[in-house]
Amino acid sequence: MDEDYVDAQHFYARQMQLLDAGSTDEWAGTFTDDGVFEVGDVAVRGSGDIAKAARETAGAFAAAGVTRRHWIGMLTVTPGPEGLTARSYALVLEIPRGGEVVVRRSTVCTDLLVRTGDRWRVKHRRVTRDGLDPE
Amino acid sequence: MDEDYVDAQHFYARQMQLLDAGSTDEWAGTFTDDGVFEVGDVAVRGSGDIAKAARETAGAFAAAGVTRRHWIGMLTVTPGPEGLTARSYALVLEIPRGGEVVVRRSTVCTDLLVRTGDRWRVKHRRVTRDGLDPE
Amino acid sequence: MDEDYVDAQHFYARQMQLLDAGSTDEWAGTFTDDGVFEVGDVAVRGSGDIAKAARETAGAFAAAGVTRRHWIGMLTVTPGPEGLTARSYALVLEIPRGGEVVVRRSTVCTDLLVRTGDRWRVKHRRVTRDGLDPE
Chain A
1 MDEDYVDAQH FYARQMQLLD AGSTDEWAGT FTDDGVFEVG DVAVRGSGDI AKAARETAGA
61 FAAAGVTRRH WIGMLTVTPG PEGLTARSYA LVLEIPRGGE VVVRRSTVCT DLLVRTGDRW
121 RVKHRRVTRD GLDPE
Chain B
1 MDEDYVDAQH FYARQMQLLD AGSTDEWAGT FTDDGVFEVG DVAVRGSGDI AKAARETAGA
61 FAAAGVTRRH WIGMLTVTPG PEGLTARSYA LVLEIPRGGE VVVRRSTVCT DLLVRTGDRW
121 RVKHRRVTRD GLDPE
Chain C
1 MDEDYVDAQH FYARQMQLLD AGSTDEWAGT FTDDGVFEVG DVAVRGSGDI AKAARETAGA
61 FAAAGVTRRH WIGMLTVTPG PEGLTARSYA LVLEIPRGGE VVVRRSTVCT DLLVRTGDRW
121 RVKHRRVTRD GLDPE
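So the protein sequences, as listed, match chains A, B and C.
Under the numbering used here, residues 1 to 135 are what the first sequence spells out, in order.
Under the numbering used here, residues 1 to 135 are what the second sequence spells out, in order.
Under the numbering used here, residues 1 to 135 are what the third sequence spells out, in order.
Chain A extracted, bound-state conformation:
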């Protein structure tokens, strides 16, 4: 159980570093092929479409010269029959050229993590944005 917890922490750190570096294909590879990503009332299905959506978003931020940083915190992990239910807080920071930091969004991220071989992947992610989406 402790091991799962530490594994999950490391997983999220790697996953967020990939996303923020614009390595969107590698990032999408941390979802299962049939993975689902829900934010508010929008759902993207399959790691191919998840990669495509991330690529477009990352491209828009890069074109605008804005760095993004995703922070995951207050992670809890609960083992279940299919895998781990991981619930965390996620902050999205945006830093335009000049270095001023904008805390853009506070969210709650609820994932179903499943093990494929020796690595964890996200089979289902639901993100609710504080102040915008019902939890």
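Think of the hints as simulated: they come from the structure by calculation, not from any bench.
Fair warning: this is a prediction, and the values are worked out from it, not measured in the lab.
Check the hints yourself; a few may be wrong.
Note that identical chains are pooled: a pair holds if it fits in a single copy or bridges any two copies.
[Said to hold, decoys possible] Straight-line Cα separation of at most 25 Å, SDA-like style, residue types lysine to any residue; simulated pairs:
| hint | residue 1 | residue 2 |
| --- | --- | --- |
| 1 | 123 | 14 |
| 2 | 52 | 114 |
| 3 | 123 | 2 |
| 4 | 123 | 100 |
| 5 | 123 | 97 |
| 6 | 123 | 10 |
Guided by the hints, dock chains B and C onto chain A, whose structure is given.
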């Protein structure tokens, strides 16, 4: 020692999720019956009164439509005769309807954690608010 | 590997608490004697000079009555021949008297951590400031 460290991380994640979800009775249950919660120069004694104070605060934020998120970070844990001394930074975020994030408060949280059966509880918590309270 | 990860988390928590408390000599002692600290295109070499630079900065903030808090997050650790390469996000918060929180800087911190006896130290640190420095 590592195990204590990971346990404490998970403990705080659960504890903060309970508080921010408005589960104030469960949250107060993470303190010992005779637990003390000090913020600045105010002290609340006993998990019953701690629950009551949390309920009132949570109710006020809910009525105003403001989500709160407590983030714990930079946790250090030192074992002692009574239990673990856990020192951490704690950030309090507030997100009103509309989703704008306000970083309301930066604090330092110093806890004495004691083990009751198979779980940790807070026997004493002292919170100092940066810029307002002497450390 | 897990153990290294948890050790590194605890190391950073202790290190940042020392810096923010103004314990700059103890903080500099978490670097090797020949440690290097690079921020942007400035490099400070040797733990003596690292301590001196930190002391001056800490003194200026203390004189101005401003509390600083360094948060490390999204830590990844990769073992190598010399030690651990640790990559993390670091946020710098500043809290002047009155308690308002300013998120001053978002950075990426890449460290080479080496083991000396039973403790880890930083042999090389490179900090890039988001929006200001190329990564």
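Status of each hint after checking the structure:
1. 123 / 14: both (17 Å within a copy, 23 Å between copies)
2. 52 / 114: within (22 Å within a copy, 40 Å between copies)
3. 123 / 2: This pair counts as both: shortest intra-copy Cα distance 21 Å, inter-copy 24 Å.
4. 123 / 100: neither (35 Å within a copy, 29 Å between copies)
5. 123 / 97: Neither: 35 Å inside a chain and 30 Å across chains, both beyond 25 Å.
6. 123 / 10: both (17 Å within a copy, 23 Å between copies)
Checked against the numbered hints above, the structure violates hints 4 and 5; every other hint is satisfied.
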